[in-house]
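Hints are included, so try docking the two chains, each in its own frame, into the full complex.
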Amino acid sequence: MRQISYREAIREALAEEMARDEQVVLMGEDVGCYGGCFSVTSGLIDIYGPHQVIETPVSEEGIVAVAVGAAIMGMRPVVEVMYGDFSTLASDPLINHAAKTRFMSGGRQSVPMVYRTPMGSGTGAAAQHTQSLETLFTNIPGLKVIYPCTPSDAKGLLKSAIRCDDPVVFLEHKNYGLSSLIPEEDYTIEIGKADVKRKGSDLTIITYGKMVSHALSAALTLEDDEISTEVVDLRTLRPLDTEAIRASVKKTGRAVILHEGPAFGGFSGEIAAAIVEDEDTFRALKGPVKRIGGQEIPTPFNKNLEMQMAPQVSQIISMSLSLFT
Amino acid sequence: MPYPFDPGTRKNVLALMIRSRVFEQKIEELFTNHSMHGTTHLAIGQEAVHAGVALGLEQRDWIMTTHRCHGHTLARGADLSAMMAEFFGDSRGLSRGLGGSMHLIDMEHRNAGSSAVVGSSVALATGMALQLKRQRRDEVVVAFFGDGASNRGIIHESMNMASIWNLPVLFLCEHNGYGMSSPAHRMVSVSSIAERGAGYGIESDSIDGNDVQEVYSKVREIRQWMMGNQRPYLLEVKTYRFSGHSKSDKRVYRTREEEAQWMKKDPIEAFSRVLIDEKEITEEEISDLFEQERAQITEIADFFLHDHRELTLQEAEKYVYASGGDR
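Respectively, the protein sequence lines represent chains A and L.
Residue numbers for the first sequence follow the working numbering, beginning at 1 and rising by one.
Residue numbers for the second sequence follow the working numbering, beginning at 1001 and rising by one.
These are computed hints drawn from the structure, not numbers from a lab.
Take the hints with a grain of salt, since some may be wrong.
Residues from chain A that face chain L, not an exhaustive set, calculated with beta carbons under 7 Å [unchecked claim]: (1) Val66; (2) Met73; (3) Met75; (4) Gly106; (5) Arg108.
Note that beta-carbon positions come from the ideal geometry of N, C-alpha and C, so glycine has one too.
Isolated chain L, as found in the complex (with noise of 0.2 Å):
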């Protein structure tokens, strides 16, 4: 691998998916006994893709990501209380309340947000790209999308803009096998979706999103490319969502055995594996890690479901315009 993790940073890549984990199987306890509104969607399962995508970037590189954000958005490195707040809807959340789980926007990390209309995210994070090379930025911009959204009219649109303007923007195609309840091979009509680089012109690759070691290197060697030869690329990395679609979501479309095919790929369980078997951590160390995380969260969402603030109606009006409150 060209880029393997720094010597002695792996344990905090396995703490960083593991944080990922248990953040959202607290979201779906939070939701699943009515104490949050509304829906959300989960990524549990496509941890490796949110530690390696989030660590291979510089800090100053920038993400768009989707309506399934939450991982993406913590490991950029977003304040897990103002991501707990903002899913209770309250003012101290990451939009105040205004986003809520579909639309964390975090610009201190450079998350630039997230579009809840499956697929328009790529247009807009294409748009940013044009501004960093206008500004002679040596920034890139991340696209995430799924197969799902990968049909989509606005991603074609994008890519052939990007790739005529010869824009910094990765597109980062998140295979998990299903938009929605609809399984990728009677939708997508290519295997791999990394095939499509080829009608923009756009170099292309896909590799196992349930890797975080390639994942990561994946990305460095990348983003050193996208650098050197000033071009966009695209790169699809396949994974799975343990997680149904949304809160209310039978899973229905799919086999328990199939899941539990790809429970033997748990991105988590992997590295895990890796790390034993190289001595860097102990199965216990593993389990503290768990419990640590566990207690920071549970302790954090316990904190806002008994301190709740929320903004009145007259004070969100004032976001509606620059002008606060002119209509």
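The following block holds chain A by itself, in its conformation from the complex (with noise of 0.2 Å):
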């Protein structure tokens, strides 16, 4: 093992499947000398040259549907768009091209290809580069959706992402110095499969993405009030590993859903759904379901007003104590 960080692990995902088949191609704005906007590629168009690194105009639209073009005739694009929030502009080639493709074709074509973006506030961006945006595709029959917190578990899952012959968009948090320990060997992780970053016995929370480093944060805390704290981190979010979610909460009796983008018409109702559409998980609950998402507001750019933005730890804390009561 070895500690690397998030940004580190998700480059060498892509230098890996480069390496290995040169079908797999890096595009996107400011991906070559530049790094990428969050320095993510640096170095890559060095060793593998524009032949597998693509610097391309401005035009997110356009990049996105040129890959799914591309991966049509075989190649294996990894397109970076440098914010979350202009997933707005590739909407169309996602989810009206590449999530319809092979369906719309009866399984003559296919689209593999990999959407990387960065997802979530705290940069100081404001509204428009700090969004969550990832209902956008859960919903999109056609799509995978991954959202990956730690640098282990992006590495693997983005390996598998590439490897994979459907589309997939891979999302990023933005606290790529986040580093842990990763295997030396040569491995993936597979799409769809929650994993349990903490177990306990009372409570479980449910979550992905940056969020899960907050819920071990209140996990710890919780540990102070004697109340033990399971932690399922989804890393994927379609398709959906249901089963770890009910499994959890017929164990612990109480769930906590937390993502970083406003609840309201957010994933957690998924995830809720999941819980009490099953009969056994619905009879095991000791309370009510609980959700906590960010506030539902545009991101203000004021620091202090941006800092309350995210679901704080404080608050995960009050919302499992309330449980209890």
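Listed below in structure tokens is the structure:
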């Protein structure tokens, strides 16, 4: 095992897959000598050259659509879009084309591509560079949606996404410096499998992306109140690992669902449904299912206001405690 | 004309155009009498483009077409039964009945399909060309679009990328005068869309899209030029759809006089006159061609009217993901 950052883990996955298969092509704005907006792709163009690292104009819709067309012809493009907010521009090629090509061709075409983009606030970039827009994609059959938190999961899941014959939306958080241990050997992680990041018996926090770290911090504090908290990191949102969610909630009887974007219309609703739609899990509940999401306003620029946008650890703790009164 | 049709082949070209016309007339009839479900976009009147482009390309070349895709698909050589089956939603269709009239995909004949999001297929075709160039393949992609689609931002992005990356994509604008009901003279900033090529440093030209010999020759010439210069190209072909935009179109936005003027330039009649004048075919033989094509297509349509097969929802679900059933 060795310690690397989220950024390095993603870069390693890209590098290893590009070395393994020359059809794996990285495309995006400033992904060459600049190294991408968040320095994820630094140095890759020096190793793999312009044949596998294609720097593109500012044309988000165009880049993603070009990747779809190239994928139909056998390329395995990995497109980087520098902010998840620009997914609005990329939504036509992803939603209307990539997701439907295999189906509308009766299985005669496939689109083996990955759409990589970072989501979330905390960067002082105001309302158009800080959203969490995963629900743009989770309701679309034909897409797979991944949102890992740890370096180890990011590397293993990105490698699986690149090898997958379906279009995959791969969301990243912006805490690119977050570091942890990863295996030395070549490995992949199966898409669609949640991971229990902390075992517990009294309460389950179900979350994904950057909020996994918040959930783990909250769990540590809850220990002081003798509450044993299990943290389920979904890692993949579509397909959703409902079995893992239900298994944990059946054990603990209490569920708090947590994500960075607003709860209203958010993915937490889908997770709550996965809990209450199952007879056994529903009967195991000892209290209401609780959701925690971000503030229901566009992200303010002001630093103190922005820091209150995403769910706070203190909020998670108090919401959790409320289930025990 | 630098590339005339090979001697003796022109009768087959006329037959191909007639097949396209008769096929679409049959589709119109089947939609009108409610034998078919949904909607359809006919290109009756644009047959010189279908045949001229398809024959001007090499077999190894690719096309990506539009929601108005029947003629291009047919001219590229698609199996007529598989096409007809697709219109009926039949599991023996080109896309197993999952795509329908606007999404005819025929990879065997290097037709990568079409987008029904007007103009979006142009970017997909540009991506196909990127992969062809990476693989150093001696092939081009034709990206069809219409005058209506020409105003989409994605076409601007695509042409810019094709130009900076020197991609083998032929942007082919079928200028038929109308985007649904909207006339190009009110919606398009230039009288000839070919003028827009200059904005991207892309060579371009505009020709008569109702003259099959001109379309064929020009496409052959451009293909040679693209290979030699490793550059994209923008070709506008001016034509007219005799049919309405889609099934429900009453054509209230244009006059019967205007339609009559264009009918005089019917591409099939124009080419027929040339062949009759040059004694390659007789009026009678042309009538026979129409009869033969009608008989063949009617037989195919009748077959699928009476022998329908379709996927179950469970079978259709297998085509959502590569793993077949995974969701």
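Which of the numbered hints above does this structure break? Structure breaks no hint.
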